[in-house]
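Asker: Chain by chain, the residues run as shown.
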Amino acid sequence: MDSNDKALVFGEDVAFGGVFRCTVGLLERYGRRCFNTPLCEQGIVGFGIGLATQGYTPIAEIQFADYIYPAFDQLVNEAAKYRYRSGGTFTAGGLTVRAPYGAVGHGGHYHSQSVESFFTHVPGLKVVVPSSPAQAKGLLLSCIQDPDPCIFFEPKMLYRTSVEEVPVGEYTIPLGQAQVLREGADITLIGWGAQVHVLAQAAQAVADADGISCEVLDLRTLLPWDVQAVTASVNKTGRLLVSHEAPLSSGFGAELVAEVSRRCFLRLEAPPVRVCGADTPFPLVFEPLYLPGVERVVDAIRATVRF
Amino acid sequence: MALRSASTQLLGRAGLLPAAVCNAFHRCMSTSDKFSVEVLPFKAHRIEPPNNVVETSIDELVGMYELMYKMRRMEIAADMMYKAKLIRGFCHLYDGQEAVMTGIEAALTKEDAVITSYRDHCQHLSRGGTVKEVMAELMGKRDGASKGLGGSMHITAAFGGRGGASKGLGGSMHMYNRQANFYGGNGIVGAQIPLGAGLAFALKYQKKPNVAIAMYGDGAANQGQKYEALNMAGLWNLPVIFVCENNHYGMGTAEWRAAKSSTFYTRGDYIPGLKVDGMDVLAVKKSMEFAKAYALEHGPIIMEMDTYRYHGHSMSDPGSTYRTRDEISTMRQERDPVERVRKLLLAKGYDAAAIKAMEKSVKKEVDTAVEESKAAAIPPNEWLWRNVYVAPANMDMRTVEGTYVQPTYDPTYSS
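Just so you know, the sequences run in chain order A and B.
Counted from 1, the first sequence has number 200 at position 206 by my numbering; the numbering is strictly sequential.
With the second sequence counted from 1, adding 530 to any position gets you my numbering.
This is chain A alone, in the form it adopts within the complex (with noise of 0.2 Å):
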């Protein structure tokens, strides 16, 4: 916001801090440039493309990610494309959307869930997930200054449970790059968002007990995915699992796994698996029993490396 007199950041509740206090403070420094909207999806999102086009740089927040879906037709059919149907002439490349997903622990059919591969498959957008504080601020500046229009989905289980020392000042992380988070030899377990910590215990858990030696890769961008470290990393351990909260059919995964398997068959030691959400509304109740947990990873782990 110091930086670039072109951004405004806007939605529902903004102003007074956000229901989960990300934009607290903003209203005092910056004034008009936060702001708070109707609640209306669509009409925030397209009116935030229509300000991209001008060249402002809006940091538009859905309250959400559970209340995307108006905004859908906004996001495919008029961000993605405007480069491309108008031969470069506009672009809403500076838009950047924003929202908290993913479960809390009691959140339900339209407060938990995760949203990112209906988005994941729409070319001319980017679409982001940090797993750490120090992730989300730099991550979230490159999404702002990149070109292209990006989705920051923020998990919102780690808004509080997630304590780090975040760097002062101004820095970004690039956009499409994983990140190595724990070198192995046996499996490479990839995940994005609050997952990577599930996957970080489950790998604990299967070195302390079973001498398993798991590679943990934080995907961080999802679109578009960094293919070379992911290949690099199965060429090295032969094995891959993949997990995200998500429901198991069509989720995220499967691109992973569909691309993997091409590009790594013959190194493959076992068929590559995914730990996902069940192919269910997200419950209420159920919740433990739907989401991938580290008992789950640690079964399907042990079960590859055996294979």
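Be a bit skeptical, because a hint or two may be false.
Stretches of chain B that chain A covers, calculated by requiring three or more beta carbons in the stretch to come under 8 Å of a beta carbon on chain A [as the list claims (entries may be wrong)]:
#: 1; region: 566 to 573
#: 2; region: 756 to 770
#: 3; region: 820 to 826
#: 4; region: 866 to 876
#: 5; region: 884 to 897
#: 6; region: 902 to 912
What follows is a set of in silico ranges between Cβ atoms, one per label pair, in the way DEER data are often shown [to be verified]:
#: 7; chain 1: B; residue 1: N761; chain 2: A; residue 2: R79; range: 26 to 32 Å
#: 8; chain 1: A; residue 1: K0; chain 2: B; residue 2: P848; range: 33 to 39 Å
#: 9; chain 1: B; residue 1: L826; chain 2: A; residue 2: G82; range: 54 to 60 Å
#: 10; chain 1: A; residue 1: V221; chain 2: B; residue 2: Y919; range: 32 to 38 Å
#: 11; chain 1: A; residue 1: P282; chain 2: B; residue 2: Y757; range: 37 to 43 Å
#: 12; chain 1: B; residue 1: T851; chain 2: A; residue 2: K0; range: 45 to 51 Å
Honestly, the hints are just simulated from the structure, not real lab data.
These numbers were taken from a predicted model, which means no experiment stands behind them.
Glycine included, each C-beta is placed from N, C-alpha and C at the ideal position.
Go by the hints and put chain B onto chain A.
Answerer: Only chain B this time, still in chain A's reference frame:
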């Protein structure tokens, strides 16, 4: 339609006034006798409003009071259970708004359809559900309105009323009741409005003398889909009453910050509207009787209910960062809907002891419901895969492990 309970009927027939006074006047007023009450005049848009004199009776007021008091105690209990972490998830309380749903029910039958937002616990009650069903659903128990599957926003009662709301599947936002034509309970803001138009279309198509009530808030009033629904309703003269429960805040944003025009009853443009004092159950009743007659003959109408919620948007919202505590307490002191009816009853000579007895009985009902819900069972794991599809065909539903279960269809959740 008068709302009654056995105990209050008995007390009513026993006579309102102490014996000495009865004798002095030779004759006691019967509790079913009608009398008139003046309410605030209605504001109207493109329609001649009804007059502001409402006929009611002690019997009717007592029934309304009992329902509203029950709503109030239930929501307070939900607040306590939430703070005790027995209710999880998101929980949107209705206390302060009781007069709206109670007044609406006074003008309707259970053949009329009702659909509302996530602030739906009291709608479940007014549509014939029990406090136990609501509480159990909030706690995610299988005896809940949606079998514990919907939670707070999705209260539904099922099939013979056995068990409870959504069987613990819907939770707070998802309560439903098929027999009473209560279509829930919807978590997504504004999504219920076009659904309401669809309900009305079906009623009209079947030539039923019934209306659909589509309830939404001042926040939802800015959703595009509301205007799509208004246009369709107007175009096809659907018997739908759009009820805007204007509690003046959409989450944390005041109406004047969210809407160019906060005269919600005029925002239907070509569709007529009325603005009603939503804290006065008799005003709501009168206006809804008028609206039902209008909708059946002419088509859609918008009713803006001027009301207030004491709690924040949900239990996750303290409700004090965007409004003053003074505002909340002033509303409680001056316009509390439950207190208003109580005062009116006392002014008409109703026995204070009878009121106290009824309040005690309601408190007991709520406490019992809470205890029973605490003790009730959560839905079995198999219900996670139940009823995602009616006809899964050869589909194997993939579980979290990537193994497969056969999804099942059993609307009775009998096992």
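Asker: Each of the hints needs a verdict: does it hold here or not?
Answerer: Right, here's what the structure says about each hint:
no.: 1; hint: 566 to 573; verdict: violated (count 0)
no.: 2; hint: 756 to 770; verdict: violated (count 0)
no.: 3; hint: 820 to 826; verdict: violated (count 0)
no.: 4; hint: 866 to 876; verdict: violated (count 0)
no.: 5; hint: 884 to 897; verdict: violated (count 0)
no.: 6; hint: 902 to 912; verdict: holds (count 3)
no.: 7; hint: B:N761 - A:R79: 26 to 32 Å; verdict: holds (29 Å)
no.: 8; hint: A:K0 - B:P848: 33 to 39 Å; verdict: holds (35 Å)
no.: 9; hint: B:L826 - A:G82: 54 to 60 Å; verdict: holds (57 Å)
no.: 10; hint: A:V221 - B:Y919: 32 to 38 Å; verdict: holds (35 Å)
no.: 11; hint: A:P282 - B:Y757: 37 to 43 Å; verdict: holds (41 Å)
no.: 12; hint: B:T851 - A:K0: 45 to 51 Å; verdict: violated (29 Å)
The structure fails hints 1, 2, 3, 4, 5, 12 (numbered hints given earlier, in ascending order).
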